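Turn these sequences into a full structure, and let the hints steer you where they fit.
Quick note, the sequences are listed as chains C and P, same order. Quick note on numbering: the first sequence equals residues 1 to 379 in this note's numbering. Quick note on numbering: the second sequence equals residues 1 to 265 in this note's numbering.
Because the hints were derived from the structure by calculation, they are not lab data. Be aware that one or more of the hints could be misleading.
Example chain C residues on the side facing chain P (calculated, C-beta under 10 Å, incomplete) [as the list claims (entries may be wrong)]:
no., residue
1, Arg86
2, Thr174
3, Leu183
4, Phe279
5, Arg331
Partial selection, computed: residues in chain C whose CB lies under 7 Å from chain P [said to hold, decoys possible]:
no., residue
6, Asp176
7, Gly178
8, Ala181
9, Gly184
10, Asp230
11, Thr231
12, Leu232
13, Thr235
14, Ala237
All values derive from a computational prediction rather than experimental measurement. Quick reminder that beta carbons are idealized off the backbone N, C-alpha and C, glycines included.
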Amino acid sequence: MLEALLTNPSVVVPLVGALVGVASSLVGTFLVLRGSSLLADAISHSVLLGIVLVYLVTGDQYSPFFIAGAAAVGLLTVFLTELLTRSGRVKADAAIGLVYPFLFAIAVVLINVFARNVHIDTDAVLLGEIGFSWLDTVSVGGVEVPNALMTLGAVTLLNALFVGLFYKELKLATFDPGLAAALGFSPVLLYYLLLGLTSVTAVTAFDAVGAVLLVAFIIVPPSAAYLLTDTLWKTLALGVGIAVASSLLGYLAAIWLNVSIGGTMAVCTGVFLVAAFLFGPRYGLVAQRAQRRRQQGENAARTLVVHLYNHESKEEAGRENSVSALRQHLRWDDAKVSQVTAVGREQGLITLGPKRERLFLTDAGRRLAREVWEPWRRE
Amino acid sequence: MPQPTPRHEPNLALHIEDLTVAYNDKPVLWDIDINVPPGVLAAIIGPNGAGKSTLIKAVLGLLKPSAGHIYLHGEPYAKQRRRVGYVPQRSSVDWDFPTTALDVVTMGLYGQLGWLRRPGRAARTKALSALEQVGMADYAERQISQLSGGQQQRVFLARALVQDAQVYFMDEPMAGVDATTERVIIGLLKKLREQGKTVIVVHHDLQTVATYFDFLLLLNVRLIAQGKTSEVYTAENLRAAYGGQIALLQTAQIPQTPPTVAETV
Chain C
1 MLEALLTNPS
11 VVVPLVGALV
21 GVASSLVGTF
31 LVLRGSSLLA
41 DAISHSVLLG
51 IVLVYLVTGD
61 QYSPFFIAGA
71 AAVGLLTVFL
81 TELLTRSGRV
91 KADAAIGLVY
101 PFLFAIAVVL
111 INVFARNVHI
121 DTDAVLLGEI
131 GFSWLDTVSV
141 GGVEVPNALM
151 TLGAVTLLNA
161 LFVGLFYKEL
171 KLATFDPGLA
181 AALGFSPVLL
191 YYLLLGLTSV
201 TAVTAFDAVG
211 AVLLVAFIIV
221 PPSAAYLLTD
231 TLWKTLALGV
241 GIAVASSLLG
251 YLAAIWLNVS
261 IGGTMAVCTG
271 VFLVAAFLFG
281 PRYGLVAQRA
291 QRRRQQGENA
301 ARTLVVHLYN
311 HESKEEAGRE
321 NSVSALRQHL
331 RWDDAKVSQV
341 TAVGREQGLI
351 TLGPKRERLF
361 LTDAGRRLAR
371 EVWEPWRRE
Chain P
1 MPQPTPRHEP
11 NLALHIEDLT
21 VAYNDKPVLW
31 DIDINVPPGV
41 LAAIIGPNGA
51 GKSTLIKAVL
61 GLLKPSAGHI
71 YLHGEPYAKQ
81 RRRVGYVPQR
91 SSVDWDFPTT
101 ALDVVTMGLY
111 GQLGWLRRPG
121 RAARTKALSA
131 LEQVGMADYA
141 ERQISQLSGG
151 QQQRVFLARA
161 LVQDAQVYFM
171 DEPMAGVDAT
181 TERVIIGLLK
191 KLREQGKTVI
201 VVHHDLQTVA
211 TYFDFLLLLN
221 VRLIAQGKTS
231 EVYTAENLRA
241 AYGGQIALLQ
251 TAQIPQTPPT
261 VAETV
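So this is what it looks like as structure tokens:
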């Protein structure tokens with residue numbers, strides 16, 4: 001029963017995608033918040049060098065040393081990038097762009113020179129072969145379990161443990177590294193651990209989704225989650241949720257359209273991002289536009305009460321504080337005049353005279369006008 | 001109990017000797033000697049690029065000095081961490097970070113909690129009371145990007161208050177804040193001094209420096225002068241610190257009444 005599930009591609013493939021997504025968006029959230037998401041791009045490419053070097057030394061196609069090699073090359077990427085940036089001669093983004101193509105290129109040359117007979121094709125490096133992830137299995141207690149599930153399960157657990165245990169420390173080190181260091185937490189150590197785990201995630205996910213798609217999983221779900229909430233743990237949870245949903249929907253879409261599974265999974269993360277961008281509750285385009293409209297309405301009401309307040313105790317009050325003055329002096333059209341006066345009366349800020357021409361402030365209106373004029377007196 | 005290593009200048013809140021700090025090969029602070037007694041409200045003043053922030057960062061171990069030593073209440077910073085509070089420049093963090101005002105204040109308690117331990121209910125109570133002290137209790141659950149600059153600065157101050165420190169270092173807490181916030185901040189600083197704490201503040205406004213602070217450190221890459229405001233706040237010292245960057249508007253050269261000064265752009 002279990003074995004049947006674990007050898008069924010339509011169970012294993014979306015599950016592998018979901019594990020890649022969860023592991024990636026856990027570390028990705030902190031990279032995105034820190035403004036280092038491009039380092040994920042760099043790492044996911046340069047780990048190829050780690051893979052190639054370990055292969056050349058051990059001659060194994062699958063070896064636990066791949067993890068160590070990838071982590072080492074990932075950290076080397078970060079270290080070289082920081083070294084270049086700190087020299088003050090190269091800007092941070094250019095430093096990233098200099099280091100990882102260099103390491104990636106070395107890997108490509110090494111493959112060509114020493115491993116010509118090994119099949120590493122460029123599609124697999126860039127996009128992965130998630131559709132075949134159920135084929136390689138290991139026997140665990142007599143049950144055949146796909147390799148990818150084992151390794152990605154372990155890495156997901158590792159990342160979850162790291163984020164779970166050091167949640168407080170990661171939050172502080174990401175938000176305010178200066179205070180983190182002053183309080184005795186080592187933000188540099190946490191940062192390198194985070195990027196080390198990113199490298200380990202990259203190398204384990206490499207077979208399944210390749211270098212480019214992995215970047216989508218690291219950067220896009222956290223970025224979408226960031227647009228949807230204002231709390232860090234919710235950003236993490238939503239990012240994980242979006243990654244899982246993208247894997248499932250992406251798999252279904254790929255089967256339906258008969259196209260690349262990894263590709264549709266990545267496209268799905270993008271769909272979530274666009275949706276969050278448009279319909280997010282606070283920062284979404286739609287919500288922002290509604291808020292702007294509300295603010296414009298509020299400002300019009302404020303303009304009205306300030307105008308009335310300014311003139312009400314002066315001799316021109318009869319002329320200025322009237323509906324016709326709103327048309328002639330404030331240059332509001334009829335629609336706006338009737339709308340703003342209606343809102344003002346609804347909110348109890350103004351009252352209309354018997355002939356529906358004179359405008360009078362209520363006490364509440366006067367209070368609002370004073371607040372607008374002298375906000376420092378609010379308390 | 002074994003006898004602890006002898007303390008160096010234990011009667012001073014801050015003791016710095018021969019401190020030189022350099023970025024790459026460019027020295028930012030040259031051979032600084034500073035002695036701040038406990039219980040004062042001290043301002044670090046000096047022109048842009050004088051090394052004011054650098055000095056604070058060096059004290060807190062965020063920058064490695066190329067020479068010299070720094071002691072707080074007789075011990076190096078690493079041993080005094082729990083007794084030192086820090087308010088960085090407001091612009092040094094990303095205020096779009098997904099978190100609330102209350103959560104930022106709680107971060108001030110992370111040092112006391114140490115690794116792995118999570119803040120609990122007691123931490124929440126402390127953080128809320130600190131927010132109340134800065135007049136921000138109503139904003140506890142607000143996302144920090146929704147606060148005004150002055151409110152953000154007050155949140156930072158509340159975060160330092162929960163650290164319950166003996167010595168506070170604050171980097172420009174009154175830069176670009178509204179009048180209400182400035183009043184709240186200076187009131188709190190004076191309260192901290194009344195409690196016997198030492199507060200050392202990077203300050204940029206020469207108009208208010210003499211009324212707010214009772215101790216001054218005048219800095220311009222080297223230390224120009226230090227001591228009680230009444231003794232140090234003189235036209236001569238200010239000219240030495242600021243050079244041509246200020247116009248002295250004062251007419252009579254009476255050392256007891258500090259000169260009125262204005263910064264030229």
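Checked hints:
| no. | hint | result |
| --- | --- | --- |
| 1 | Arg86 | holds, 9 Å |
| 2 | Thr174 | holds, 7 Å |
| 3 | Leu183 | holds, 4 Å |
| 4 | Phe279 | violated, 18 Å |
| 5 | Arg331 | violated, 32 Å |
| 6 | Asp176 | holds, 5 Å |
| 7 | Gly178 | holds, 5 Å |
| 8 | Ala181 | holds, 5 Å |
| 9 | Gly184 | holds, 5 Å |
| 10 | Asp230 | holds, 4 Å |
| 11 | Thr231 | holds, 6 Å |
| 12 | Leu232 | holds, 5 Å |
| 13 | Thr235 | holds, 5 Å |
| 14 | Ala237 | violated, 12 Å |
The earlier numbered hints that this structure contradicts are 4, 5 and 14.
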